[in-house]
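First to last, the sequence lines map onto chains A and B. For the first sequence, position 243 (counting from the first letter as 1) is numbered 242 according to numbering that gives the first Met the number 0, and the numbering increases by one without interruption. For the second sequence, position 36 (counting from the first letter as 1) is numbered 35 according to numbering that gives the first Met the number 0, and the numbering increases by one without interruption.
No incorrect hints appear here.
The list that follows gives simulated cross-link-like pairs (lysine to any residue, SDA-like), each with its CA atoms no further than 20 Å apart:
id	chain 1	residue 1	chain 2	residue 2
1	A	Lys140	B	Val64
2	B	Lys49	A	Ala5
3	A	Lys70	A	Arg25
4	A	Lys221	A	Leu192
5	A	Lys252	A	Asp284
6	A	Lys20	B	Ser41
7	A	Lys20	A	Ala1
8	A	Lys221	A	Leu281
9	A	Lys252	A	Tyr265
10	B	Lys42	A	Glu18
11	A	Lys93	A	Ser120
12	B	Lys42	A	Thr7
13	A	Lys140	B	Leu67
14	A	Lys16	B	Lys45
15	A	Lys70	A	Ala5
16	B	Lys42	A	Leu32
17	B	Lys91	A	Ile76
18	B	Lys42	A	Phe35
19	B	Lys49	A	Thr15
20	A	Lys278	A	Asp253
21	A	Lys277	A	Trp289
22	A	Lys139	B	Glu57
23	A	Lys140	B	Arg120
Hints are computed from structural coordinates only; laboratory data are not their basis.
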Amino acid sequence: MAEAIAETLERELSMTKEEIKMLNNRDPNERLLPQFVFILDGYDEHLQDIRIELLNDKTDYMKNNFYAINKLGEHWINAKFIVTCREENLCYVKRKDLLFAPLDEKFEDDSNELPTAASRSFLQRRIEPFSDEQIDCYLKKYSFVNPGANLNPEMKSWSCIERLNKMIDFYQVREYARVPLLLWIIANVLPGLPLEKDKGTVQSTALNKRFFIEAFINQMIKAVLKQNSALNEATTHDETQAGEEEQILRKIKDQLQHLALRLSNYVRSNSVTQTQDKKMLLGLDPLVCWDENFSEIRFRHLLFQEFFVARSMTEEINELTNSNLDEKSNLPEDLLLNQKLLNHGASSYSIACFLRDAVRDGKIKAHQLLSLIQLSKQTDRSNTSRKNRGKGRVYDKSRRARSTSNR
Amino acid sequence: MNKLEEICSRFYVKHASSLRGGGEEKENTQNSENLDYSGLYSKFCKYKDKVLRDTSLENEFNLYVEPLVHSHHSLTKSKHEVFELDFDIRTKFLGPHDDVELKVLLLTGAVGIGKSLFCRRLQREILFGWEGPPYMNEGQWFAIYIPLS
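Next up, chain B with everything else stripped away, as it sits in the complex:
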């Protein structure tokens, strides 16, 4: 068990009941949930570890140049400023003060423009910043990459 996994497990056994509150009967129920959570967190930690250790895209990342985007109004199709995509997504879509109503970000680009590589890199960066339960707040996301093709 690595350090992060250890923290995850410890946290739930030790602190969950105080965080969730409730009477004795409720506390027992919460404890059984805590065990599940502990198992889940261990899986999250392992996944994070696997993604961060993956070296299959090392060559591509060595040549990586941050993609730029224009902010784009879906109705007027008017273009505004140019941003670094990563910064734009982290501040406007996933930022700590982001709009909770924002659910979908559509990322388009020509064939070979680097959509997949960007996504893989974004996932790594998000997971790198994911520290597990003791520091979990609304600004922390757990990114799961799903290749559909």
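Bound-form chain A, shown alone:
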């Protein structure tokens, strides 16, 4: 963390190492230098290295304490730190204060008791899901910022909000709508769906997160394609050209999928190397952006990246179980599902949820998952990874030593 801070100061503020050192060694009473508050956004990746389920005793907490291991009390004595984490990645941590706050120095003795956080050194806040009033407020702003976007342009703003609210309830997505990112996606997608009142035959169906993100991505890509003059012509012509549009849509999604796998450190050895069409991808602005810090294209929100990883896994499971049922020896070692434990880590929860939705939507059939487990049971028992797959677990090669002892 201290490195991340130093890197940011060097990169964003053009500070020299000497200047950073001077700030580190500043007199705590020095009033001529500013007091810093460092906002560390997304500590989740660092939690991957902690076996949260084993955080029980004093040593575990002391070894993994955010403030202690990063020597923040030494280097940034006057600074304050705001650290953000996904709720689901910390739900098994019993004492979050002991994992993040400065520990009371007097507990660095030989007692077996849990340490305590330094008195009044720690605050915890959890952002609450939107209330109905906040949803209305958001939709009001949305309809103001996007006048007539996918809604009837003649409809008054309040009517639009009312209609969107009705659709939210009709498709049983109010709980998703309490999350701002999903509400934005829902507000984009819902107007394109039918409402009971419009078509008497339409049944109220509960839609899930995977459906909305897929529909939103399709909508974004198609909007970009429409802007492309050549394809604009295509939409006005025959079916062949409509098919061509589908092909391009597929190609773009493949590229996004490829990008997601690379950014999430998944390796697909049998995939055809794709040339990244940067210009085209950057046109998908709400989905991806250019990250100047890393000088590469990244997803605007990690959730999109996780969606594409889960999508790749779904496709792979389908390919494998449809074609290789009789060729048990062909189960690839680098199966995406097999590369990382999905019960641990920053993105695991989201990816697992998307896979669950894929099963619920029938994109993966239950019998295909059973086939996958059957396939993984076979072959050499001395091979650790296969043995673990035989128990129906996903396995992370990079954590082989640690995971083996854990199991």
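Dock chain B against the given chain A, drawing on the hints supplied.
Same frame as chain A, but now just chain B:
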């Protein structure tokens, strides 16, 4: 050099020695530090300017709805009142009369709940209020946003 940078530089050349005090020899040492400080402040000012001018999140900010939080006791897990998060942080964590012992604020929430957007907005608001050395007091913070993922 913009106005703020100019103020920063001027302030340190002109006032630092009187603020720091000391004899002649000490004053010379302080002067060399002042030059460093002046350079640093120029960098702080540039960073502030860059953050405030950044328009990449304009669309998101247009739709921004202030997030709410429950104050949360870490041990009893009991929930208390509902606050606007920004107000809560500014008064309890960064306020002018805040507890100096408070070092870490852990902010959690579900995927997509708006943690990052809140942080970016909070940074802008804090930096907007940062006026540089002549008015620097304990209630003024300099916020640096560090994306870790």
